[in-house]
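Number of protein chains: 6
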Amino acid sequence: MDNQVNNERIVNFLYEIGTMRKLMRMHRQVLLTDDMSDSIASHSYRVAMISWFLAKQEGVDLYKTVMMSLLHDMGEVRSNDHNWVHKKYVKIFEEEIDKDQLGTLPYPELKDLIDEYQKRESKEAVLAKDADLIDQILLLREYDWSGNKEASIWLYGKGKDKVNAQLARLQSDSAKKLGEEIYKINPSDWWNNLWTPNNR
Amino acid sequence: MDNQVNNERIVNFLYEIGTMRKLMRMHRQVLLTDDMSDSIASHSYRVAMISWFLAKQEGVDLYKTVMMSLLHDMGEVRSNDHNWVHKKYVKIFEEEIDKDQLGTLPYPELKDLIDEYQKRESKEAVLAKDADLIDQILLLREYDWSGNKEASIWLYGKGKDKVNAQLARLQSDSAKKLGEEIYKINPSDWWNNLWTPNNR
Amino acid sequence: MDNQVNNERIVNFLYEIGTMRKLMRMHRQVLLTDDMSDSIASHSYRVAMISWFLAKQEGVDLYKTVMMSLLHDMGEVRSNDHNWVHKKYVKIFEEEIDKDQLGTLPYPELKDLIDEYQKRESKEAVLAKDADLIDQILLLREYDWSGNKEASIWLYGKGKDKVNAQLARLQSDSAKKLGEEIYKINPSDWWNNLWTPNNR
Amino acid sequence: MDNQVNNERIVNFLYEIGTMRKLMRMHRQVLLTDDMSDSIASHSYRVAMISWFLAKQEGVDLYKTVMMSLLHDMGEVRSNDHNWVHKKYVKIFEEEIDKDQLGTLPYPELKDLIDEYQKRESKEAVLAKDADLIDQILLLREYDWSGNKEASIWLYGKGKDKVNAQLARLQSDSAKKLGEEIYKINPSDWWNNLWTPNNR
Amino acid sequence: MDNQVNNERIVNFLYEIGTMRKLMRMHRQVLLTDDMSDSIASHSYRVAMISWFLAKQEGVDLYKTVMMSLLHDMGEVRSNDHNWVHKKYVKIFEEEIDKDQLGTLPYPELKDLIDEYQKRESKEAVLAKDADLIDQILLLREYDWSGNKEASIWLYGKGKDKVNAQLARLQSDSAKKLGEEIYKINPSDWWNNLWTPNNR
Amino acid sequence: MDNQVNNERIVNFLYEIGTMRKLMRMHRQVLLTDDMSDSIASHSYRVAMISWFLAKQEGVDLYKTVMMSLLHDMGEVRSNDHNWVHKKYVKIFEEEIDKDQLGTLPYPELKDLIDEYQKRESKEAVLAKDADLIDQILLLREYDWSGNKEASIWLYGKGKDKVNAQLARLQSDSAKKLGEEIYKINPSDWWNNLWTPNNR
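Protein chains in written order, with the working numbering: chain U, 196 to 395; chain D, 196 to 395; chain Y, 196 to 395; chain H, 196 to 395; chain F, 196 to 395; chain Z, 196 to 395.
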């Protein structure tokens, strides 16, 4: 294959995924948040890091798990993001997106990875999905921390029956344990022993 | 090692890197841009994808290159981002950051990866740095496309001697060729054959 | 029907459409704009005013035309907005949305109006759609005015064949003439004779 | 009248009201909110929809009530918005604004409608004003829901004597009943039976 | 005077002026800019620094000139900001504001300073006003630099007769010379000799 | 010295400090706030006003105290802002910044003032620093008021031992008393007797 052709396709792809930072995640609509920093790009970033830990703990392929996480919402460039209300009324032709977006790249690997993720059969695919859900729990804790009452309901439920609804969707043991821990630790605990008022 | 302890450290780490989406990249100060979508998190996301292609083209370890890209600016959580004016007046104790931030994790691999990146000796480390610079060129093209005159100067120079200053810093052949191609393709070319006014 | 039940449904409806101001119009993704003020709510507002003038000029029912404009994007609360790339990959079940969203209100009129709009048969429906497109031209002129190069391409085309592509989609004579006029008048002309440096 | 002249005036008017999305509502100053989505345009949009329901319930002219709501804050393009502190120190020459802004349009109807609204004598004018106040209550509930303590005070008062201060300003029976209902229903109740985790 | 009473009044005053950062400068409406960083607070900051240089060059009282600049837009907390369209339709009772806002402080000096500024008789008052206008020219140059066409018109006029309209309003020789220099120097020249790609 | 050279240096300086409004204060990272209005410029503005009151109460040089406050964070243009985590890992060469930024101005006074501030020996320098801390307390109260739980912890501590930690850092009697008063007065008390629902 001609190298120049390769690069033209790749550059267009890189511009395309650059727009992931302009796509706000749509739970903002129902959470009534003003957070403009939660884009598909910034979300996918933390999901990738979360998935690395899950893959490490479960002893599966680190590379594949991380790559699936980086790719898992990329199709939203061509479909937009949809929250849990939108899912009721919208059908997304994900296979077509994956074929047109990743299947036209000079290398077949990224298409293979998203196909594996969509099937949700391999351990890596399951963990990449768990990482996606874990990021949601982290974000809800952060929104709860900044005062959002709706985030609090999502985390703790309106009644007792909905408590831990977030955790119930997790599949892997590692994700379940990590999720429970997220409920216990506050979003600002990480710098408790780091801060100093003194200049260096 | 006690699994519970592992998870507490990991959760704190995940909250910590969640703040990367609150850290704006500081070239915004000198580019006078109002873009709030370019955070350390969203930047690192595209750098990871760019580095995958560079590693593929150069035939080196995909996993290591991508992981280094995901980690390459993570230390800025603890130092803040610094642009090319700030570098003149600020010394960042990166080794301490890497040790405290990644070296305290239950797994040593992330610390090893950032150490390899900082040395800039392995092919993977060089490509991860090239990917960082490629993202900058993409972003400048996007800012130029939305009218920013300063971005245009950065891309094309004030005089002839500064033309292609962005490309000169790239080390690998693959990055150089990719960089040249980015100058030729417009940020909106990617959807030229995709758009349709017809509903499905 | 019990009045209390009416009001409960209406209040839920009003909270629902309040989220239209949190839904950014998705051409922002391809226009690379940082404008956060162009929401489904603020867009629908100007469309309603435009449609009043079109209906006036064409001598059709003012009330129906304005109401259709206020309703024309309301379904996006439940589907999210989709730009011309997204249309290729997403199917929206608009009829279900209209039925669930407007068809459950205590009064049938709003559902009837959106049904008429969706058929695009009545003069009023055609004009409400024209008003939607006119708002797009106004916005592109405003983005072009603030420096956006992509907006300029959308307005004036890359080559000669695409010139006036925006105008070609308009159906009514009144909209065509209004559209041509928008190309001639600058976004800041309106206050030319209004400004004064003197305090009252 | 020459049609060309008509359109030039109308286009300037449409550019003018386009700036309503750049005008933030000024209660933000005293509510200390970061919500950038509450502009004069997005506010006027929901007021129009609220007023339709009030007019329907009271059995008055739907068209006139909705149009008055669309126009009710349009003059703020030329005066800026003023909150309840500003009212103490600023005199707005609304009649001059209405004359210059709406009275110069090729059709007299919009000027007639705002004149009727300003007099607050007709049932439609009273309901359009009630709709304006109802939108304020909805917004306060939304801000309270996202954690804002000042919004809570505005809704429920500092002491018992100020409870329901928001409701006391409403004139019509329909608005009073609707307002009471808004206090009972939470901003996120509308999608309780809509959400689904399943893709279509 | 009771010290406690002093402090209560002062604290309320400090909260009040804290809202200056929530008040956007209203030329944004006609410049169609998305810059959220230009508030009454950030504007007043640079005006104070500009006025120091003008006072230094003209050899007048530095303290009085700087203080007048810090106070010059403070009344807008109670009136909102008004651009050159708004001035035509709004009367602000500035004397009442100054009396209620500054005249009720435990110290009379701030009220005396704003009175002197409003009279525009002393050299210091003239220079503080010139500094206000100089900041406007700087900002227009910055907006022009980020692509805004309207800013360019304000700086250079639509025709030859409007060229240097910005400079014509300046009163002092020092401001006129400074203003001319601003037209010659680009917003990014300041860091030309500062930047370095090397870490310290 | 040639006047033209003076002005060129001054204009570059004014463009430089204009970027202070693009520099967000970095406690936002750990406070998880979405407030974009708290920039180095808007912060420095209120600090200057606070310091005027402290200087007045302590009977020291008003001019010097206010000027130090205006200058106290100006160096952050060249170093970026650093929060209490960053301080642990970053060394800022403030003396070099002060020399290059203020020491190159045509007038030596500003450099002398920042030198005096950095030594923290004079009463004026101590008060300017106290004013900086007082602004932080005011801001935390404002964030607490808009629902932020982290701000509440900073103000009132996690346990009893941390209560009033904010006050403990204040040096002067006037600042201590003012700080205590800030804890007692709510951010919206200032307009309690100002608001009116009646148009003028």
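By construction, these hints were calculated from the structure, which means they are not laboratory data.
Treat the hints with caution; some may be incorrect.
Since the list can't tell identical chains apart, any single copy or any two copies may satisfy a pair.
Listed next, the in silico EDC-like pairs over lysine to aspartate or glutamate satisfying Cα-Cα at most 20 Å (straight line) [as the list claims (entries may be wrong)]:
| no. | residue 1 | residue 2 |
| --- | --- | --- |
| 1 | K353 | E316 |
| 2 | K283 | D384 |
| 3 | K353 | D310 |
| 4 | K283 | E376 |
| 5 | K306 | D256 |
Query raised in the report: What are the numbers of the hints the structure violates, in ascending order?
Result: 1, 3, 4
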